[in-house]
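Trainee: Could you fit the two chains together into a complex? Lean on the hints.
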Amino acid sequence: MSAVPADDERAKIPPLTLFRAFMSIGLSGFGGVLPFARRELVDRRNWMTDTEFAEMLGVAQVLPGPNIINISVWFGTKHAGALGAIAAFTGLCGVPLVMLIAIATLYGRYAGAPRVGAAVDGMASAAAGLIIGTGITLFRRAKPNYRSSAVLALVFVAAAFLRVPLLLIIAVAAPLGVFAAGKRA
Amino acid sequence: MSTLITLFVIFGSMSLLAIGGANSTVPEMQRLIVAQGWMDASQFAHLFAISQASPGPNMLIAPLVGWQVAGGAGALTGLIGICGPSCTLTYLLARAGDRFNSNPYFARVRAGLVPLSIGLVLATGAILAQSADHDVMHGLVTAVAAAGTIWTMRNPLWFLIFGAVVGALSL
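Here the protein sequences line up with chains A and B, keeping their order.
Letter 6 of the first sequence, counting from 1, is numbered 6 in the UniProt record's numbering, and no numbers are missing.
Letter 104 of the second sequence, counting from 1, is numbered 104 in the UniProt record's numbering, and no numbers are missing.
Isolated chain B, as found in the complex (with noise of 0.2 Å):
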């Protein structure tokens, strides 16, 4: 019991801490889950790739965690703690935010995050390009990608694909 409590009051802290994002916590949830001892950095590291090429929110990577410490109970810890207060708070402020939605200022306020949100998608599409593509192939395959997603209404899928058909065949 005493390790699903602790298991609720790291992802509960990540989940407030995660502001812009999941992946900006990571570092420190490997920090705390090492020092509990229940598994090493590089196995740590491990889970993150895995729950990083799956399909989903990369932030299963709590619940994943969870489960390798304590099956079902700690995978339902993991996910009620990562998302649990974060959503409670999204979930007010979007029922709040319909008394306001008609307010000007409000609409200022959202229009005002636009270059916010996009310059931080742009960020991490570069953070991320510059640890995946250590040579000219895999930049191209990035490129590929990219202009396929502008150009074209493809499904995403497809590029991911490409992506894996070319690294096995670059090796």
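The shape of chain A in the complex, shown without the other chains (with noise of 0.2 Å):
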């Protein structure tokens, strides 16, 4: 059972630390909080491993609400209880929900720029590489059997190619990633 930590072993981090780290994790998120939670919790903390990471994420695609919200959550009453979700959800919504709305308000003043419009374009290819590069640094890490791999593969054109809507593709590869998972836990 040393693989899975009992409660009381599990790291407490004061919520405190929690806020700012979250906050650090929403201040960074443009264009998808993803990539900058996986580095802040995994690289820059030590909080948790891939596989965690990865495992806590599944979770929180399952469970209805923003993935990144829920991690949030998860995270905090983990590691401090009701205190520490709130911890963790005010960091991260709050500081950048007052920059949103003062951005929205700055925002009709320079819509017309082109080069405005530009940017944020090249920006938003870049975001798009950036959840690329996680989730290949999330495969590389986890490394997940080749039955598994089959599983994760079928997901990943389902969703990206065949646009078969979320909910059949999380009531089918569920299952079949716990059954594909199964020997080796």
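Hints in this document: simulated from the structure, not taken from any laboratory.
One should not assume that every hint holds.
[To be verified] Quick partial rundown of chain B residues pointing at chain A, CB under 10 Å, derived from the structure:
id, residue
1, 109
2, 113
3, 117
[Stated by the list, open to error] Footprint (simulated), chain A over chain B, 3 or more residues, beta carbon under 8 Å:
id, region
4, 67-81
5, 138-149
[Said to hold, decoys possible] So these bits of chain B aren't anywhere near chain A, every CB distance computed over 10 Å:
id, residue
6, 5
7, 8
8, 9
9, 30
10, 36
11, 38
The beta carbon of each residue, even a glycine, is placed where N, CA and C say it ideally should be.
Mentor: Below you can see the structure in the form of structure tokens.
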């Protein structure tokens, strides 16, 4: 059972530290927060491994609601209870929301400048690359077995190219994934 | 007051419908907001683009719409609506998960979700690239950002700045 730490063995993290970590994730997250969340929680803070991150992300995706918000509540609860959940959530959303309202108010003034639009287009391309790179990094570090990799490929093709409804993908791939991982667990 | 209640109902239902991520509910969100007569589709599209290009989770589109419709109280209502129901569920499961964490079946289910989660991350990247990369230059920006994420520990912000500069210069 050593792979799964008991609750009392799990590192407690002070809510203020959680708040700061998730604020840094939220403030860096242009065009999607996920790459920054993986970098902060796995690479910089060493709070979890890539496999644990992928597992937590899987739970967040299956649950309703925005994934990254679910991650903040899940991670905060696990490491500091209800106060931790509130700290992580507030850190993630608070300052970015104030900035967003300010930016939206300013936007009207600069929306007409073509270079602003072109720069945002370039950022969108880079943001797509960041997410692809995050997915590949998770894959390389989590090292799924052959059957799990086949499920992964199926999910990817169904979602990216066949545009199968998400609920259907989850309903099929979640049980398949559990079956594929079965022997290893 | 009735505006706030409508905002809460719209975003609260989106919160519970958003399985797999908030972006999947954006088309439905747009339909409901426009049907209320609060804004037209292109105004909504602009707000969505702004929320994507700004720091923070993309779902901040909900409080932003609330802000446009009803000021500070609207922003707070939008935030509580889009996050409240799903956060409560996540919190309860995280607490319940504590009791099951040492249970090998629970660990197997979590391990089984790994291919689903990684597959969906890669699909999200591919879908964004399909709509963002309309020429070779933009495709290269995506490739550089992906390679940089895989092989360097550099802050992702640098690649976004790189993309913005290439985009502005390619005009």
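Trainee: Given residue 109 of chain B was flagged as interface, is its beta-carbon under 10 Å from a beta-carbon of chain A?
Mentor: holds (6 Å)
Trainee: Checking the smallest CB distance to chain A, is residue 8 of chain B really beyond 10 Å?
Mentor: holds (15 Å)
Trainee: Checking the smallest CB distance to chain A, is residue 30 of chain B really beyond 10 Å?
Mentor: Holds, since 16 Å exceeds 10 Å.
Trainee: Verify the interface restraint on residue 113 of chain B: the C-beta must sit less than 10 Å from at least one C-beta of chain A.
Mentor: The hint holds - residue 113 of chain B has a Cβ within 10 Å of chain A, the shortest such distance being about 3 Å.
Trainee: Is the claim that residue 9 of chain B lies outside the interface with chain A correct, judged by CB distances over 10 Å?
Mentor: With a cut-off of 10 Å, residue 9 of chain B remains clear of chain A, as the shortest Cβ separation is near 16 Å.
Trainee: Should the label of residue 38 of chain B as a non-interface residue stand, given a Cβ cut-off of 10 Å to chain A?
Mentor: Label holds. Min Cβ-Cβ 15 Å, cutoff 10 Å.
Trainee: Given that the region 138-149 of chain B was listed as covered by chain A, double-check it with a C-beta distance under 8 Å for 3 or more residues.
Mentor: Answer holds; 11 residues pass the 8 Å Cβ test.
Trainee: Any Cβ of chain A at or closer than 10 Å to residue 5 of chain B, or is the non-interface label fine?
Mentor: Its Cβ never comes within 10 Å of chain A, the nearest being 20 Å, so this holds.
Trainee: Using a Cβ cutoff of 8 Å, are there at least 3 residues of the region 67-81 of chain B near chain A, or does the coverage claim fail?
Mentor: holds (count 4)
Trainee: Under 10 Å, Cβ to Cβ, is where residue 117 of chain B needs to be relative to chain A, so tell me if that hint holds or is violated.
Mentor: holds (4 Å)
Trainee: Beyond 10 Å on every Cβ pair: is that true for residue 36 of chain B relative to chain A?
Mentor: holds (19 Å)
Checked against the numbered hints given earlier, the structure satisfies every one of them.
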